[in-house]
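S.K.: Residue numbers (our numbering), protein chains in the order written: chain A, 246 to 582; chain B, 246 to 582.
Note that these hints are calculated values from the structure, not bench results. No experiment lies behind these values; they were computed from the predicted model shown. The reader is advised that the hints may include incorrect statements.
As the list claims (entries may be wrong) - To give an idea of the interface, some chain B residues facing chain A are shown, with a C-beta separation under 10 Å as derived from the structure:
{"id": "1", "residue": "247"}
{"id": "2", "residue": "289"}
{"id": "3", "residue": "429"}
Idealized CB from N, CA, C, for every residue including glycine.
Listed here are the chains, written in short residue letters.
2 protein chains.
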Amino acid sequence: MGNPVLVEVLRGNVVESRHRGAIAVFEADGGKVMSLGDVDRPVFPRSAVKAIQALPFVESGAADAFGFGNREIALACASHSGEPEHAALAIAMVERAGLGSDAFECGAHWSSEQHVLIAQARDLVEPTAAHNNCSGKHAGFLCTCAHLGHDPQGYVALGHPAQDAVKAAMEAVTGAAHETDLCGTDGCSIPTYAVPLKALAHGFARMATGTGFAPERAKAAKRIFAACMAEPFYVAGSGRADTLMMEAGKGRIFTKTGAEGVFCAAIPERGIGIALKCDDGTTRAAEVMVAEVLAQLLDGDALAETLRDMARPVLTNRRGFEVGSLRPSEALVVRAD
Amino acid sequence: MGNPVLVEVLRGNVVESRHRGAIAVFEADGGKVMSLGDVDRPVFPRSAVKAIQALPFVESGAADAFGFGNREIALACASHSGEPEHAALAIAMVERAGLGSDAFECGAHWSSEQHVLIAQARDLVEPTAAHNNCSGKHAGFLCTCAHLGHDPQGYVALGHPAQDAVKAAMEAVTGAAHETDLCGTDGCSIPTYAVPLKALAHGFARMATGTGFAPERAKAAKRIFAACMAEPFYVAGSGRADTLMMEAGKGRIFTKTGAEGVFCAAIPERGIGIALKCDDGTTRAAEVMVAEVLAQLLDGDALAETLRDMARPVLTNRRGFEVGSLRPSEALVVRAD
Chain A
246 MGNPVLVEVL RGNVVESRHR GAIAVFEADG GKVMSLGDVD RPVFPRSAVK
296 AIQALPFVES GAADAFGFGN REIALACASH SGEPEHAALA IAMVERAGLG
346 SDAFECGAHW SSEQHVLIAQ ARDLVEPTAA HNNCSGKHAG FLCTCAHLGH
396 DPQGYVALGH PAQDAVKAAM EAVTGAAHET DLCGTDGCSI PTYAVPLKAL
446 AHGFARMATG TGFAPERAKA AKRIFAACMA EPFYVAGSGR ADTLMMEAGK
496 GRIFTKTGAE GVFCAAIPER GIGIALKCDD GTTRAAEVMV AEVLAQLLDG
546 DALAETLRDM ARPVLTNRRG FEVGSLRPSE ALVVRAD
Chain B
246 MGNPVLVEVL RGNVVESRHR GAIAVFEADG GKVMSLGDVD RPVFPRSAVK
296 AIQALPFVES GAADAFGFGN REIALACASH SGEPEHAALA IAMVERAGLG
346 SDAFECGAHW SSEQHVLIAQ ARDLVEPTAA HNNCSGKHAG FLCTCAHLGH
396 DPQGYVALGH PAQDAVKAAM EAVTGAAHET DLCGTDGCSI PTYAVPLKAL
446 AHGFARMATG TGFAPERAKA AKRIFAACMA EPFYVAGSGR ADTLMMEAGK
496 GRIFTKTGAE GVFCAAIPER GIGIALKCDD GTTRAAEVMV AEVLAQLLDG
546 DALAETLRDM ARPVLTNRRG FEVGSLRPSE ALVVRAD
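Next comes chain A alone, as it looks inside the complex (with noise of 0.2 Å):
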């Protein structure tokens, strides 16, 4: 009868709204950790992946070509808030590739952020496509492009050698075939494939590990995680989930955000990791989740602490008086099965 309960939120005393979800925990060799819900069922990853999406570009030898660092790695893992130095990074690495910014083919929009926005409408006619959340995944595949001599333009199309090779990456991590009738087009115009979170979670910590890869992917896998653990303003922004959680983490914890409720995340020391989806597609929901699951795979650890406070935010009104919360529920424990 549908997925569990694992968020309630709360005003005063009284749980006003509800949010379900399912959750997998995975170790790289496919061992279950544990799992919530249906985890079977196929599921859009979107942003969730971008660090498998970017094993091309660092693979091929693009990003070492273009003398690439943590930042400009990050970033290509990134879905940020069209702060100034994303934006200026992301043409950055174009030009560095001998592109200009009008070969972005991911469309503008303005930060979904509120503090950005306001700075954007104070600043900027119109937003571009750098700034385009997902603009340092597109220089990541424009400069691929340019490494290898392909064509750049329709890139984003199903067809172009850019989008066969994240194709490929993300099946051969995953383990999960990618169907055709399970194909939709994400936000920034890719494809996207409709996966179950077991094969996310399963994918994300051989990511972390590197279990089951060829000595390049491995160490392709391993950069692409240390650089977004060592750079995460790049991979979110100011006061994002993703960005205060690798921060707090000090390089022990890899997580990445998707539209539409979804989170990956990874603990590689432990060699875990993590996929989950709120049903209802709900960003403030799958923050909490995300948090908490990590929280109780690190009790006991200091950095626990932390993930325990941001799964359970304090709401605050108007003026600025608290008036609710949002809390994991009693249904969200994490066991092994």
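Place chain B on chain A using the hints.
M.R.: Chain B only, in chain A's frame:
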């Protein structure tokens, strides 16, 4: 095992996200037209009951004393977008009562509507309390205090005559006791009480018909509904669901959104009241639910076609390509029980 899935979010041909909820449709004599899910569980109606909360403003004679017409009464029932016309009218209302905009106790916030926020960021240093989506309701409270000779200071607090009158109106109209242990604080700082959806639906049917009300209250309720239906821009704003539905309805339907996925509505010519809540608090799904319920109840009517389209919005990506849609689930069927 929980409320049914009532709205599906599609990407390509795949259901990406799901929204559960409960819907109550009742007649003014308390007879049930239909219900889906749990309509006995108390929910916070939030701003969906502003029309009921505006009864003291009209019944007391305050609205007449200050010469207010449809726009002012509509604004007193509004969750407006903070567009310049909204803020200006809220200020004009309190000034008519001899008060200044420093009397507002709702707090200030930037508009939740992106297009309005961009304009605000360019025009304003900071938003004021007059831009708060609830400023019209608060103008109504303040004008009522001024008219009745109550000290307006602290008018948002539990126990102030303004809130006593609101609570009494809410209890009388809905027939539901407002319990202290089900009291929370709303976004604009006034008390809000959780009550069953069935009581809210019954209350909105009575607001539409005046059934069981004293003549003064029946007249005030009809005047409030008529004002909102005549001036739907002042109830919400450009492009907003309430405004679009009531514009299309041309005086035949009343709708009002509330935070955390609530909607109340009425079809006066049928004597029917509607109250619903999306479990997870998501507005996009509550909008689909209310449009679909109204469309089904008005089946065969030209207005139903417009509402049916509103219940099936297309989702586009950052380049404007159609990538998905929202739709009512197969469970969202209005049947007389």
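S.K.: Which constraints among the numbered hints does this structure fail? Numbers only, ascending.
M.R.: none
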